[in-house]
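Protein chains: 2
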Amino acid sequence: MKKNKRIGVLIDELTGNPSKLYDSKHFCEKFDIAKSSLSEDIKIANEIFSENGSGHIESISGVGGGIKFIPGISDSDIVNLQNILIQKLSDPSRILGGGFLYTADIMYDSRFVRDMARIFADRFSKLNANYVVTVETKGIPLAAQVAFMLNLPLVVIRREAMYSEGSTVSINYFSGSTQGIAKMSIAKRAVRPDTEAIVIDDFMKGGGSIQGVKNILSEFEIQVVGIGVALEAREPEKKKIKNYNSILIIDEIDEENRAIKICPSVNL
Amino acid sequence: MKKNKRIGVLIDELTGNPSKLYDSKHFCEKFDIAKSSLSEDIKIANEIFSENGSGHIESISGVGGGIKFIPGISDSDIVNLQNILIQKLSDPSRILGGGFLYTADIMYDSRFVRDMARIFADRFSKLNANYVVTVETKGIPLAAQVAFMLNLPLVVIRREAMYSEGSTVSINYFSGSTQGIAKMSIAKRAVRPDTEAIVIDDFMKGGGSIQGVKNILSEFEIQVVGIGVALEAREPEKKKIKNYNSILIIDEIDEENRAIKICPSVNL
Chain A
50 MKKNKRIGVL IDELTGNPSK LYDSKHFCEK FDIAKSSLSE DIKIANEIFS
100 ENGSGHIESI SGVGGGIKFI PGISDSDIVN LQNILIQKLS DPSRILGGGF
150 LYTADIMYDS RFVRDMARIF ADRFSKLNAN YVVTVETKGI PLAAQVAFML
200 NLPLVVIRRE AMYSEGSTVS INYFSGSTQG IAKMSIAKRA VRPDTEAIVI
250 DDFMKGGGSI QGVKNILSEF EIQVVGIGVA LEAREPEKKK IKNYNSILII
300 DEIDEENRAI KICPSVNL
Chain B
50 MKKNKRIGVL IDELTGNPSK LYDSKHFCEK FDIAKSSLSE DIKIANEIFS
100 ENGSGHIESI SGVGGGIKFI PGISDSDIVN LQNILIQKLS DPSRILGGGF
150 LYTADIMYDS RFVRDMARIF ADRFSKLNAN YVVTVETKGI PLAAQVAFML
200 NLPLVVIRRE AMYSEGSTVS INYFSGSTQG IAKMSIAKRA VRPDTEAIVI
250 DDFMKGGGSI QGVKNILSEF EIQVVGIGVA LEAREPEKKK IKNYNSILII
300 DEIDEENRAI KICPSVNL
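In order, the protein sequences belong to chains A and B.
Each step along the first sequence adds one to the number in the working numbering, with nothing skipped, and position 58 is 107.
Each step along the second sequence adds one to the number in the working numbering, with nothing skipped, and position 71 is 120.
This is chain A alone, in the form it adopts within the complex (with noise of 0.2 Å):
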């Protein structure tokens, strides 16, 4: 195979599969090369990601090492998708009163996701962590992304105890956001116990969510090592959470003057 058509293929397979680690071996019985030719084209593949700004491919050397590839995303890339959302998401037809914007189409437009996730998976994949875990609905498909990104499974955690998710653990928590006792529900199948979660949400308020998510995961000795929200309210701004990663913060919400106020998040 020429060494044009390699690094595509090498590209096309490791953009595919995100986080997987790759046995060296892989690629060179694939392109019947010898290592060091593998390490050059490498090299070049890493060269485009990082002009690209799409990510780095990481080599972790010794017996049970190769390479994989971990998504990214640059700098400016960052500012680009801040600038936009806030842009976006200060419509002044966003506002439903009460202090909540509409936010579904952003939470559900594929390429923002995408681009939330990269920030996320860039954060967090070095934590080596066994799941994403995000609490139904609006996180889901970030959440999703970030654990395509890491290579982990992701777990949903249930407003209500479904019949087909099997034994369930409840408990409630105070929810801030809707001043009331709130519940949540995972499946006892869905986590091994003495492991180690990423949280990722749409939203977060006063962190009561999070908070519980951290809870009903402390249930099953899980610890939660990285939490990853896209967007914070600056109310209140004691949270009942610390070390998070929030994208955006919601500065304010003037209803009398229909205007909102949305800023790039300190705590990236």
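Just so you know, nobody snuck in bad clues.
A pair holds if it fits inside one copy or across any two, identical chains being indistinguishable in the list.
Here are the computed lysine-lysine pairs in the DSS-like style, where the Cα-Cα straight-line distance is at most 25 Å: (1) LYS69 with LYS137; (2) LYS237 with LYS137; (3) LYS52 with LYS79; (4) LYS51 with LYS84; (5) LYS79 with LYS117; (6) LYS232 with LYS263; (7) LYS92 with LYS52; (8) LYS263 with LYS237; (9) LYS52 with LYS84; (10) LYS54 with LYS92; (11) LYS52 with LYS117.
Derived by calculation from the structure, the hints in this document are not laboratory data.
Dock chain B against the given chain A, drawing on the hints supplied.
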């Protein structure tokens, strides 16, 4: 830029933006090459996609034309996927009683979801639909991946009208799975009238739920032009809907003998 690097950049950009139409000027300017050289590069990229079984490049000629990458999957990869899913789903510990199987781990596994999505993207790319629609919750990752591959917005129909969805339209329908009246609700902002939709779901028994989706979409004069379900139940033989694609058929769940029979779908 050297040829081997150009092809790598081309593949990285096309696979990262499936179904996006690129004016050929985009790559000619990026690479600083003539259209004839780009055509050669595209030919090689297309050969790579074809050999890897990952999709193909479609060339649209004339004004407003260009190239786009359509994800796909080889016939042998479909058979492989079906075989591994049959093996996984035949595990008797999945039997929940009442004709239910635990399938959440499959529907939340990013690699299985990606391969299933490739099948539907391949089948439905020529329909030129405006939306990919699903009903919460378990089919969302699959529907989101199909939406990503077809570069379409995802629409998630909720079970309950949520405040954060703004104004909604709701219907009641008869659900064969639960043998009762169920409700679904769609945000008015999520769709435009007189458009076309592809419906994706994780499971279909009698088709009542998908018939409900068709009904609620018809309130907006939206026509369903394609239907894809991951798993279909053999019974009832007579479905409420016609012309759908499914990947696997659950032939029989024998609760007494703890045996499950799954087979590849004839409706793919």
